[in-house]
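Undergrad: Take the position in the sequence shown, starting the count at 1, then add 25; the result is the number in the numbering used here.
Bear in mind the hints are in silico, worked out from the structure with no lab data behind them.
Quantities reported herein were computed from a predicted structural model and do not represent experimental measurements.
Worth double-checking, as some hints may not be accurate.
[Claimed, not checked] Quick list of in silico lysine to any residue cross-link-like pairs, SDA-like style, CA-CA up to 20 Å: (1) LYS155 x GLN142; (2) LYS158 x ALA184; (3) LYS151 x GLU198; (4) LYS256 x ASP221; (5) LYS126 x ALA109; (6) LYS151 x ARG183; (7) LYS119 x VAL146; (8) LYS119 x GLN142; (9) LYS158 x PHE112; (10) LYS126 x GLN94; (11) LYS119 x ALA88; (12) LYS126 x ARG110; (13) LYS256 x LEU235; (14) LYS256 x GLY272; (15) LYS158 x ASP111; (16) LYS256 x VAL295; (17) LYS151 x ASP111; (18) LYS158 x ASP221; (19) LYS151 x ARG191.
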Amino acid sequence: MKPKTPPPGKSRPDTDIEMRLRTRFRHTRSLRADRHGSPVRALILALAAFAATHVGADALQDAAGAGDQNAQLQLGVEYLEGYARDFNPRQALKWLTRAAKGGTAEASLRLGEMYQQGHGVRTNGKTAVKWYKRAAAGGSTAALLNLASMYAMGMGVRANPELSLRYFTRAAEAGSGEAALNAGLMVARGQGVEPDPAEAVRFFRMGAELGDANSAFELGRMYANGAGVQKDEARGLAMLLRAAEQGHARAQGLSGVLHAEGRGGPQDDVEAFKWLSLAVVNGADAVAHRDSVAGRLSDDQRSEAQRRINTWLVGRSR
């Protein structure tokens, strides 16, 4: 029997923002592991390596002691990361605090993370917020995102959806696709504001334009379902494919379903099998749909689909 195909986006609605944010902090805010979390941090660590090789540890220490804020930040990061010198949270705290008080936003961000995570210091949400706010005032988008996440979940502070949404919005407007996604999810669910599908679409579009695959996926579902926008399956499929090309498993699955049903474009079992197969490989619950399409393929179609799958996988591995 052919499995019943759920409408795009109806299975496992991806709107549990709290789970998403907890996952974010668990996997992306481990301080010592996050060595290359942003271009700024990558640059700082590269400078640290350069300094260790060409300037010398003593010269960096002298410059930091003389009040050079860049040297203070660099030295604090080295101690915090265990990079170019032994891990020493007390020294990290000392030098990052000096740099932060001198107005270095990245140092304030690092201090906020230390206090939020209890990394070398006692966990203190209020102190983390204090440093994040200082970093945000200095232009740190990451600090805005962290503030939004803390207020969304009540991590070390009292939960405040309205304030969380405000910070997510600021971070999105500063160029964070992740923040745009989370703002869209909050607006869609009515967290911190009355539910507003049209405004959610605006945020998801913003995130998609910033390259966020999850935003493109959410936007594609909304177009396909006519939620917050006039129903447009062709545009919905285009957005889902954008996310699918980035490796988004659920977008791959929904793209396959739409191709199989001829929604948003011509019916195409070969392309449907390709995307459904990739979705399964990437962990999506798409086995029944894939097998249903597989039963309709000729040998030549199956060979062509496999060729497309291999081409996509090779392209992703480069």
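Undergrad: Is the straight-line distance between the alpha-carbon of LYS158 and that of PHE112 20 Å or less?
TA: Between LYS158 and PHE112 the Cα gap is close to 26 Å, so the pair fails against 20 Å, i.e. violated.
Undergrad: LYS126 and ALA109: Cα distance at most 20 Å?
TA: Given pair LYS126, ALA109 is violated - Cα atoms ~24 Å apart, limit 20 Å.
Undergrad: Quickly compare the C-alpha distance for LYS256 and LEU235 to 20 Å and report which way the hint goes.
TA: Not satisfied, since the Cα-Cα distance of roughly 23 Å exceeds 20 Å.
Undergrad: For the pair supplied as a hint, LYS126 and GLN94, is the alpha-carbon distance within the 20 Å limit?
TA: Cα-Cα ~9 Å, so holds.
Undergrad: Does GLY272 lie within 20 Å of LYS256 when you go C-alpha to C-alpha?
TA: violated, 25 Å
Undergrad: Would you mind confirming whether the straight-line C-alpha gap from LYS126 to ARG110 stays at or under 20 Å?
TA: violated, 23 Å
Undergrad: Is LYS119 close enough to GLN142, meaning Cα to Cα at most 20 Å?
TA: Cα-Cα ~17 Å, so holds.
Undergrad: Taken at face value, is the distance from the CA of ASP111 to the CA of LYS151 at most 20 Å?
TA: violated, 29 Å
Undergrad: Does VAL146 lie within 20 Å of LYS119 when you go C-alpha to C-alpha?
TA: holds, 11 Å
Undergrad: Can you confirm whether the C-alpha distance between LYS256 and ASP221 stays at or below 20 Å?
TA: Holds, at roughly 16 Å.
Undergrad: Holds or violated: LYS151 with GLU198, Cα cutoff 20 Å?
TA: Since the Cα atoms of LYS151 and GLU198 sit roughly 25 Å apart, the hinted pair is violated (cutoff 20 Å).
Undergrad: Below or equal to 20 Å on CA atoms is what counts here, so check LYS119 against ALA88.
TA: It holds: about 15 Å lies between the C-alpha atoms, which stays within 20 Å.
Figure legend: structure checked against the earlier numbered hints; hints not met, in rising order: 3, 5, 9, 12, 13, 14, 15, 16, 17, 18.
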